[in-house]
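Protein chains in written order, with the numbering used here: chain A, 1 to 285; chain B, 286 to 431.
Hints are computed from structural coordinates only; laboratory data are not their basis.
Hints are all accurate, no fakes.
What the simulated footprint calls covered on chain B by chain A, stretch by stretch (three residues with Cβ under 8 Å from a Cβ of chain A suffice, anywhere in the stretch; the number is not a length):
{"#": "1", "segment": "307-320"}
{"#": "2", "segment": "350-357"}
{"#": "3", "segment": "360-368"}
{"#": "4", "segment": "375-389"}
Using 20 Å as the maximum straight-line C-alpha spacing, the simulated SDA-like pairs for lysine to any residue come out as follows:
{"#": "5", "chain 1": "A", "residue 1": "46", "chain 2": "A", "residue 2": "154"}
{"#": "6", "chain 1": "A", "residue 1": "46", "chain 2": "A", "residue 2": "162"}
{"#": "7", "chain 1": "A", "residue 1": "46", "chain 2": "A", "residue 2": "166"}
{"#": "8", "chain 1": "A", "residue 1": "190", "chain 2": "A", "residue 2": "201"}
{"#": "9", "chain 1": "A", "residue 1": "46", "chain 2": "B", "residue 2": "308"}
{"#": "10", "chain 1": "A", "residue 1": "46", "chain 2": "B", "residue 2": "316"}
{"#": "11", "chain 1": "A", "residue 1": "46", "chain 2": "B", "residue 2": "378"}
{"#": "12", "chain 1": "A", "residue 1": "73", "chain 2": "A", "residue 2": "201"}
{"#": "13", "chain 1": "A", "residue 1": "73", "chain 2": "A", "residue 2": "186"}
{"#": "14", "chain 1": "A", "residue 1": "73", "chain 2": "A", "residue 2": "197"}
{"#": "15", "chain 1": "A", "residue 1": "46", "chain 2": "B", "residue 2": "310"}
{"#": "16", "chain 1": "A", "residue 1": "46", "chain 2": "B", "residue 2": "315"}
{"#": "17", "chain 1": "A", "residue 1": "46", "chain 2": "B", "residue 2": "412"}
{"#": "18", "chain 1": "A", "residue 1": "46", "chain 2": "B", "residue 2": "376"}
Remember, predicted model here, so these are calculated numbers, not experimental data.
Ideal placement from N, C-alpha and C gives every residue a C-beta, glycine not left out.
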Amino acid sequence: MTDDTTYDAASTAGVPEHGRERIARMREQPRFFTSDLTVNEFLLVKEAGFDPLGLVVGSSIYHIGFQSRTWNKNQELDVLTQAMYHARELAMTRMEEEADQLGADGVVGVRLEVGRYEWGTDLAEFIAIGTAVKHSEGLLHRAPNGRPFTSDLSGQDFWTLLTAGYRPLGLVMGNCVYHVAHQGLANWFKQIGRNQEMPNFTQALYDARELAMERMQTEAERLEAEGIVAVQLHERSHGWGSHVIEFFAIGTAVLPIREDHQIPPPSLVLTLNDPLGREGGNRLP
Amino acid sequence: MRGLTDTPVVPVVTSLGAPELATLAAAGYEPLGLLFETGVWAIVPGQATLEAYRPELGRRNFEHPDFTAGLNEIRRGVLARMRSQARERADCAGIVGIQLGLAREDDDRAGSSLVVSIDAIGAPIAPAHASRPTVRTALELGGMTA
Numbered sequence: 001m002t003d004d005t006t007y008d009a010a011s012t013a014g015v016p017e018h019g020r021e022r023i024a025r026m027r028e029q030p031r032f033f034t035s036d037l038t039v040n041e042f043l044l045v046k047e048a049g050f051d052p053l054g055l056v057v058g059s060s061i062y063h064i065g066f067q068s069r070t071w072n073k074n075q076e077l078d079v080l081t082q083a084m085y086h087a088r089e090l091a092m093t094r095m096e097e098e099a100d101q102l103g104a105d106g107v108v109g110v111r112l113e114v115g116r117y118e119w120g121t122d123l124a125e126f127i128a129i130g131t132a133v134k135h136s137e138g139l140l141h142r143a144p145n146g147r148p149f150t151s152d153l154s155g156q157d158f159w160t161l162l163t164a165g166y167r168p169l170g171l172v173m174g175n176c177v178y179h180v181a182h183q184g185l186a187n188w189f190k191q192i193g194r195n196q197e198m199p200n201f202t203q204a205l206y207d208a209r210e211l212a213m214e215r216m217q218t219e220a221e222r223l224e225a226e227g228i229v230a231v232q233l234h235e236r237s238h239g240w241g242s243h244v245i246e247f248f249a250i251g252t253a254v255l256p257i258r259e260d261h262q263i264p265p266p267s268l269v270l271t272l273n274d275p276l277g278r279e280g281g282n283r284l285p
Numbered sequence: 286m287r288g289l290t291d292t293p294v295v296p297v298v299t300s301l302g303a304p305e306l307a308t309l310a311a312a313g314y315e316p317l318g319l320l321f322e323t324g325v326w327a328i329v330p331g332q333a334t335l336e337a338y339r340p341e342l343g344r345r346n347f348e349h350p351d352f353t354a355g356l357n358e359i360r361r362g363v364l365a366r367m368r369s370q371a372r373e374r375a376d377c378a379g380i381v382g383i384q385l386g387l388a389r390e391d392d393d394r395a396g397s398s399l400v401v402s403i404d405a406i407g408a409p410i411a412p413a414h415a416s417r418p419t420v421r422t423a424l425e426l427g428g429m430t431a
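Hey, can you work out the whole structure from these sequences and the hints?
Now the structure itself:
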């Protein structure tokens, strides 16, 4: 997949006046931070040797084009795949540029969300949001491409990863929008009243999932990572109908920073936190 | 507010739960209160939008210029106001647990195609001035009352 999103560390293009003011003020007052980290995450990020600098946001509202599909054919819809990838990449790049302007080494707790609104049927908003952090002793933790590292790991996972001798390199992702063929009438009649696998559907979902995973893996190899942790595989239709599905794979590429990977012995914890909500209160609608 | 003693007691309203407050206190911080900011904006599509939707360009992929810039500005504006509010307290170290929410407002009076509101809520914290007595908590499982 081509990536034509250019990265400019000094760019404030697209950043509105309020954003430029906010970044300037955050630079002037380095000891004050804003963050969507929970209390535990904040304290563990500090414990890992990083100071939170500020909440960074990148977004893009994208018009998703149209691609015709053959009713009875499994196929990737590459126009839609490209749109979904490019818009996410735009949002991520803007978030990284904002973090760069704060002098951050990286961004932790990144959430990449897609919102569809009733005011535009072909429009979707892609938002990347996270907390920019900087190493308190000035050790360089940036990605090999010079950008601040990005990671969707929570503060707890970030601390555990560093304690175990690894560091995050960047958020890697891959996607595939796939049209799953409809079944012909003859096949439908043949299967009435019988338990059997639907090879057509199985194959389509397999292909789409593999394509998304393969693209994510290619991104990690480009970053020269040793592996990817906390991979999540999302499957969504985004309102395109039941036979058009996007598979989206996302994870954090990591690299070892030392030879031994000793971790403290695990202990049993009985959590009293609300299992349904994120720590720190209810999320606004 | 005055309680049973002469020492004034100022209640702190916060979005943090009890376990988080205990963790925060153990780490030497205290909550300062609750910050809430909201902004309602009308986003009017301009020339750039008309250009992007030219029929001869077909149904292609493109970024929506005015809605992207508009939502960016409102989101950052709300965060900037929240930051200014927090900075009014000189001892404020930062804000944790910021949550951003977005909603579309049903209001056609603005004459635009999009009216949105963004809410932000967060918990400002400061280094604790005085050391607090350590409270040990214990979970009791089971136990019958007579």
